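S.K.: Each chain is listed here by its residues.
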Amino acid sequence: MALFASLSERLNHIFSKLTKRGKLTELEIKTAMREVRVALLEADVNLKVVKSFIAEVSEKAVGQKVLESLNPAQQVIKIVNDELIALMGSGNAKLEVSPKPPTVIMMCGLQGAGKTTMCAKLAVQLKKQGKHPLLVACDIYRPAAIDQLKVVGGKAGAEVFEKGTQDPVKTAKEAVEYAKKMGYDTVVIDTAGRLHIDEKLMLELENITKAVSVTEILLTVDAMTGQDAVNVAETFNARLNVTGVILTKLDGDTRGGACLSIKAVTGKPIKFVGVGEKLGDLEPFYPDRMASRILGMGDVLSLIEKAQEAVTEQQAKEMERKMRENAFTLTDYLTQFETLKKMGGAGALMSMLPGAGKLKIRESDLDEKKMERTRAIILSMTPKERENPQIIGSSRKRRIALGSGTSVQEVNQLLKQFEQTKLLMKQMKGGKRRMPF
Amino acid sequence: MGFFGKIKEALKKTRANVAQKLRQLFLKNKIGDAFYEELEEILISSDVSVRTAEDVVEQVKEEAIGAKIKDEAFVTDLLKDILEDTLNEAPVPTIEYPCVMMFVGVNGVGKTTTIGKVANYFVRQRKTVTVAAADTFRAAAIDQLGIWADRAKVRIVKHEEGSDPSAVVFDAVTSAKAKKTDVLLIDTAGRLHVKDNLMNELKKMDRVVAREFPEARFYKFLVLDATTGQNAYSQARVFKEAVSLDGIVLTKLDGTAKGGFVFSLCGELKVPVVFAGVGEKIDDLELFDAEQFVEGFF
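Line by line, the protein sequences are chains A and B.
Okay, so the first sequence: first residue is 158 according to the working numbering, each after it adds one.
Okay, so the second sequence: first residue is 3 according to the working numbering, each after it adds one.
Just chain A, with the same shape it has in the complex (with noise of 0.2 Å):
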């Protein structure tokens, strides 16, 4: 997940200069400002959030306590952070539960913006968590938009409510009174993607709350939106009074600013961000975290909480030791690899690290088909030559190329991979990618 990454680079790059200055006056605060500005419209946020932004900010930053400290760039950084977090409010929201079950979910956006794949996505989460999620197809305009659902639904593992073309505030009624009576605690509508001044299809969503009692109102919006962010959000607020918002997309490299407007003119939290095509692509949206990315200071405590869920505690202690002891093997590698693809696949997770960034990780160096072969090297290697690749000579290479089907080649660039890996663990630990504070 690219997130943010060339807004962060931009604020950094905006202030390592400021860094280099020493101490801050009035004026490098409005140049700075200036920098922060273009950095923040060109990452889509919009025109009017950005000036209340930069007012704010520099309010604060020109005031004593940046002229007055003794390093003024960590100042700024924390003031912008701070305002960042402000902007984008503050914990993590959850999907509301009914009291009186079935907890019902209402999907809502623009054509497009991914509600359809989002449904699906939601009934995985819910069904993680022990509920019973019920889909249900309102979206009765868009061409085999109902068998998209099902199909989706399928792969959920959830059952589809449908009733063909039907009038949907009528289906989602019937689809709450079949909930009811078969058990499911949660229903997630379905909508049809719909312009927020269509007036007839935006009247119809508001029928579909007054027919069903709705717990959840979730605006969906693509996270690549530029300035119309806003005019969505504040008319789907003000016509529906939504309950929270979703990103989605965000596994793009869009500097994904939207989600600050959204959250700046509606006031409703983000609950949750979709990062990917499959259905289990699906984060929580922690703004605190989201404003460390933006800082470039990535996004560490994502990456231990996605830690924690694929590895075990005992495993990550051992891992630890031997990254510090500079003992990594490659069966470790291998287990790395392993461990990887329950996290969600290297590029995921590499882009949550700080400084990552720079790193240019290219998708094609991670492929899961890659990574297959990476495995079969490793597999062809005796265990002696796993503890200590330096033995593997070229007889040996010959070897292990033959027994995972592989060239002399590809055992020559895992290896070199694997000594790049370990040099990288090594300033890792040196702290030479050293957090801004």
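It is worth saying that the hints were derived from the structure and are not from the lab.
Remember, it's a predicted structure, so these values are computed and weren't measured experimentally.
All C-beta atoms in this analysis are idealised placements derived from N, C-alpha and C, irrespective of residue type, glycine included.
Partner residues are not named here, just some residues of chain A that face chain B (Cβ under 10 Å, in silico):
{"#": "1", "residue": "Gln268"}
{"#": "2", "residue": "Tyr298"}
{"#": "3", "residue": "Asp304"}
{"#": "4", "residue": "Val308"}
{"#": "5", "residue": "Val309"}
{"#": "6", "residue": "Asn388"}
{"#": "7", "residue": "Thr405"}
{"#": "8", "residue": "Thr411"}
Calculated cross-link-like contacts (lysine to aspartate or glutamate; reagent style DMTMM-like; alpha-carbon spacing at most 25 Å):
{"#": "9", "chain 1": "A", "residue 1": "Lys187", "chain 2": "B", "residue 2": "Glu39"}
{"#": "10", "chain 1": "B", "residue 1": "Lys205", "chain 2": "B", "residue 2": "Glu270"}
{"#": "11", "chain 1": "A", "residue 1": "Lys208", "chain 2": "B", "residue 2": "Glu56"}
{"#": "12", "chain 1": "A", "residue 1": "Lys208", "chain 2": "B", "residue 2": "Glu60"}
{"#": "13", "chain 1": "B", "residue 1": "Lys283", "chain 2": "A", "residue 2": "Glu356"}
{"#": "14", "chain 1": "A", "residue 1": "Lys205", "chain 2": "B", "residue 2": "Glu43"}
{"#": "15", "chain 1": "A", "residue 1": "Lys527", "chain 2": "B", "residue 2": "Glu203"}
{"#": "16", "chain 1": "B", "residue 1": "Lys283", "chain 2": "B", "residue 2": "Asp152"}
{"#": "17", "chain 1": "A", "residue 1": "Lys320", "chain 2": "B", "residue 2": "Asp145"}
{"#": "18", "chain 1": "A", "residue 1": "Lys312", "chain 2": "B", "residue 2": "Asp166"}
{"#": "19", "chain 1": "B", "residue 1": "Lys155", "chain 2": "B", "residue 2": "Asp184"}
{"#": "20", "chain 1": "A", "residue 1": "Lys320", "chain 2": "B", "residue 2": "Glu282"}
{"#": "21", "chain 1": "B", "residue 1": "Lys272", "chain 2": "A", "residue 2": "Asp410"}
{"#": "22", "chain 1": "B", "residue 1": "Lys82", "chain 2": "A", "residue 2": "Glu199"}
{"#": "23", "chain 1": "B", "residue 1": "Lys197", "chain 2": "A", "residue 2": "Glu529"}
{"#": "24", "chain 1": "A", "residue 1": "Lys312", "chain 2": "B", "residue 2": "Glu203"}
{"#": "25", "chain 1": "A", "residue 1": "Lys208", "chain 2": "B", "residue 2": "Glu40"}
{"#": "26", "chain 1": "A", "residue 1": "Lys526", "chain 2": "B", "residue 2": "Glu162"}
{"#": "27", "chain 1": "A", "residue 1": "Lys307", "chain 2": "B", "residue 2": "Glu163"}
{"#": "28", "chain 1": "A", "residue 1": "Lys187", "chain 2": "B", "residue 2": "Glu56"}
{"#": "29", "chain 1": "B", "residue 1": "Lys197", "chain 2": "A", "residue 2": "Glu434"}
{"#": "30", "chain 1": "B", "residue 1": "Lys197", "chain 2": "A", "residue 2": "Glu567"}
{"#": "31", "chain 1": "B", "residue 1": "Lys205", "chain 2": "A", "residue 2": "Glu529"}
{"#": "32", "chain 1": "A", "residue 1": "Lys527", "chain 2": "B", "residue 2": "Asp166"}
{"#": "33", "chain 1": "B", "residue 1": "Lys242", "chain 2": "A", "residue 2": "Glu199"}
{"#": "34", "chain 1": "A", "residue 1": "Lys327", "chain 2": "B", "residue 2": "Glu282"}
{"#": "35", "chain 1": "A", "residue 1": "Lys312", "chain 2": "B", "residue 2": "Asp145"}
{"#": "36", "chain 1": "A", "residue 1": "Lys526", "chain 2": "B", "residue 2": "Asp166"}
{"#": "37", "chain 1": "A", "residue 1": "Lys312", "chain 2": "A", "residue 2": "Asp342"}
{"#": "38", "chain 1": "B", "residue 1": "Lys283", "chain 2": "A", "residue 2": "Glu363"}
{"#": "39", "chain 1": "A", "residue 1": "Lys187", "chain 2": "B", "residue 2": "Asp35"}
{"#": "40", "chain 1": "B", "residue 1": "Lys283", "chain 2": "A", "residue 2": "Asp304"}
Given the coordinates of chain A, assemble chain B onto it according to the supplied hints.
M.R.: Positioned in the frame of chain A, the structure of chain B alone reads:
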């Protein structure tokens, strides 16, 4: 309604908004720095990139100062002209037959819908059209294209969901050649441009068409959602590098988003906007016209 009337119609909301703001500016009857700054902000609010907005406004400013003119109509026309020139920097390709058109883009921009509309567009020009369902990834995408093919009354070549998209392309080309189809439209799966493996898959489809159907003109169109922000530039750049682009289809212009990012695409990447999507119905497609587009902005 005139031929491009729909674009104008679609941008009416935009027009009212921007024109009102601009009129306010002009009525101040004093062209100072604040005026140009506000002008710049109007462009930025329309998703014109900061750099382009600054450049354009700088140009207008210089010329207005040089000509010592403070007339609102003059400045409006000047700005329109400059914006229009930017859009015309990349010429729209002429369509020759037989041809293959492949539509690419990120997820959810409206590729399948666009193909339905484009198929209808060529049918109306009395061309024979075949569509190829090479989005074998997204659930029910093949069914969705099938419904559009029925609506436009054109042939569809399709395989199973999950099959190799390049194989679909191969079959579609073979079929188009055998039936002497004028226009073959290829639907592809939405893919984020940062996913190398998916971009490689696209390159493969590109190669299959080029190799198997060299006698046809081959156009590649990037479909972009007008609601998108500055990421559109990144999308265009990467897709252009991967398969080279002959044009852009700008969709969802019937909303309140203005699609101002196209200025940097036409200006810097030299990719022209060819079609504009202005609604969900099959005839909600227009040939893009720079003058009308810019006119609609103000």
